[in-house]
Each structure stands twice: as C-alpha cells, then as structure tokens.
Amino acid sequence: MSKLKSPLSLFLISVILIGLLALFGPEEKELGANVRVVYLHGAWVLAAEVAFLAAGIAGLLALVTKRDPLHNWSAALGRTGIFFWVTYLPLSLWAMQTNWNGLFLVEPRFRLALIFAVTGVLLQIGLWLVNMKWVTSLANVIFIVALRVIFAGADNVMHPPPSPIFNSGNFAIIGFFLALILFSLLAAYFLTRVFLRTNSH
624 MSKLKSPLSL
634 FLISVILIGL
644 LALFGPEEKE
654 LGANVRVVYL
664 HGAWVLAAEV
674 AFLAAGIAGL
684 LALVTKRDPL
694 HNWSAALGRT
704 GIFFWVTYLP
714 LSLWAMQTNW
724 NGLFLVEPRF
734 RLALIFAVTG
744 VLLQIGLWLV
754 NMKWVTSLAN
764 VIFIVALRVI
774 FAGADNVMHP
784 PPSPIFNSGN
794 FAIIGFFLAL
804 ILFSLLAAYF
814 LTRVFLRTNS
824 H
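Position in the sequence shown counted from 1, then plus 623, gives you my numbering.
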C-alpha cells in the first residue's frame, strides 16, 4: 500500500485540511474571526461523540452476535473517540481564551469533559492491557451511556442550548460548520482504520 494511501497518512492529510479550512471560516458579528476556533472545537468534539456512539453500537452488536470484527471495530472506535475527546480540550481552552479573554475552568461542561477525558484514557489503557474483546465492547457501551446521561443533566453556562450555530439563521455559517463536521468525521474514520490495522497485528 502506498504511504500516501495508508490510513495514517490520510488521517494526517485530513487534519491539515481541517486546519486550513478552519482558517477561512465565516466571521461572526460579535466574535469576529475568533469564532473560527469555536467552529473547530465544536466539530472536533462532535466527531469524538460520534466515535463513542459508534463504539457503543458496535460493541452492543458484537456482544449480541459474538462476531469478532464488530468487537474490533468497537475497540478501534473507542480509541478514536478518546483521542478526539482529549485533543478537543485544548481547543476548548483556546476558544475560551480567544473569545472570552480567560479560562473558565470550573465551567460545568468543561469540568465534566476533563473528568471523562482522564477516565477515558485510563479505561482505554486498561482495556488494551486486559485485551479481552467482550470486556472492551461492554466497556464502550457503558462509557457512552454514562457520558450522555451525565451531560444531559449538566448545567449550560458557555454552551447555551439550542445550538447557536444551527439557530443563527446564517446559512454560510451553518454550511461551513457542517463541512467542518464532515471533514472531522472523515479524519475520525481514517484514525479508526489505523487502530483497526494495529489490532490485526
């Protein structure tokens, strides 16, 4: 396989394209050009959540059907999810600093995100060491359920619902954000393929 066509190369290329795309995002009336960091951090964390959800679904199906390929997908998607989740945190800090001139570290959702990042990293390391497919799949199911339940009850301070982007009425902003999400999901897919190849060796 050509190095340029390897999943790792495609992942790195997609990350570079995401960075370049983010530089040209539409400005917002109040936040100006700094809103581009908000777009990026939003798309990145959505990719993490989709990966966690997919890991849980694949894990559940694997437990029911006892099919090894589904177990492998669950493991790879769980690792992808935690990679995107952990790397989303500095993007979140960057968004706080550039748009609100300070770091609000006690913000409820950021604090929970940090807790899940530490827990998730330790969990994935533990699952890798234990190396039992059904345990990994079950853990991925429990993790996404716990994440969604806990965040559903979290206070919204700097993340007011409904989505400010999708409810902005600005189709340029909405379209750009959707494109950024799609590219982030594509990067997550390539990274998952990297972890799948690692599992097969």
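Hints are supplied without guarantee of correctness; some may be wrong.
[What the hints assert, rightly or not] Cβ-Cβ distance ranges computed for the label pairs, FRET-style:
hint : residue 1 : residue 2 : range
1    : Ser629    : Leu735    : 29 to 37 Å
2    : Val687    : Ala795    : 26 to 34 Å
3    : Leu745    : Phe647    : 35 to 43 Å
4    : Ile773    : Leu752    : 36 to 44 Å
5    : Ile636    : Pro713    : 31 to 39 Å
6    : Leu640    : Ala769    : 28 to 36 Å
7    : Thr742    : Pro649    : 16 to 24 Å
8    : Pro692    : Leu640    : 41 to 49 Å
9    : Leu646    : Leu716    : 26 to 34 Å
10   : Val758    : Ile639    : 32 to 40 Å
11   : Ile765    : Phe647    : 36 to 44 Å
12   : Phe794    : Ile748    : 39 to 47 Å
13   : Leu635    : Phe774    : 39 to 47 Å
14   : Val687    : Arg734    : 32 to 40 Å
Simulated from the structure, these hints should not be mistaken for laboratory data.
Cβ atoms here follow ideal geometry from the backbone N, Cα and C, with glycine treated the same way.
Does the beta carbon distance between Val687 and Ala795 stay inside 26 to 34 Å, or does it fall outside? Cβ of Val687 to Cβ of Ala795: about 44 Å, so the range 26 to 34 Å is violated.
For the hint 39 to 47 Å, verify it against the beta carbon of Leu635 and that of Phe774. With Cβ atoms ~30 Å apart, the hint is violated.
With 35 to 43 Å as the target window, see if Leu745 and Phe647 comply at their CB atoms. Distance hint for Leu745, Phe647 holds at roughly 38 Å.
36 to 44 Å was suggested as the range; check whether the CB atoms of Ile773 and Leu752 agree with it. violated (25 Å)
Please test the hint of 39 to 47 Å on the beta carbon pair from Phe794 and Ile748. Between Phe794 and Ile748, where Cβ atoms are some 43 Å apart, the hint holds.
I want to verify a distance hint. Is the separation of the beta carbons of Ser629 and Leu735 within 29 to 37 Å? At roughly 35 Å between Cβ atoms, Leu735 and Ser629 fall inside 29 to 37 Å, so the hint holds.
Given a hinted range of 31 to 39 Å, is it respected by the beta-carbon distance of Ile636 and Pro713? Given about 21 Å between the Cβ atoms, the range is violated.
Verify the CB-CB distance for Val687 and Arg734 against the hinted window 32 to 40 Å. The hint (32 to 40 Å, Cβ to Cβ) holds, given that Val687 and Arg734 are roughly 35 Å apart.
Given a hinted range of 16 to 24 Å, is it respected by the beta-carbon distance of Thr742 and Pro649? Hint violated: Cβ distance 36 Å, outside 16 to 24 Å.
Does the Cβ distance between Val758 and Ile639 fall inside 32 to 40 Å? holds (36 Å)
Determine whether the Cβ-Cβ distance between Leu640 and Ala769 falls within the hinted range of 28 to 36 Å. Between Leu640 and Ala769, where Cβ atoms are some 33 Å apart, the hint holds.
Can the suggested window of 36 to 44 Å be confirmed for the beta-carbon pair Ile765 and Phe647? 40 Å Cβ-Cβ, so the 36 to 44 Å window holds.
Against the hints set out earlier in the document, violations occur for numbers 2, 4, 5, 7, 8, 9 and 13.
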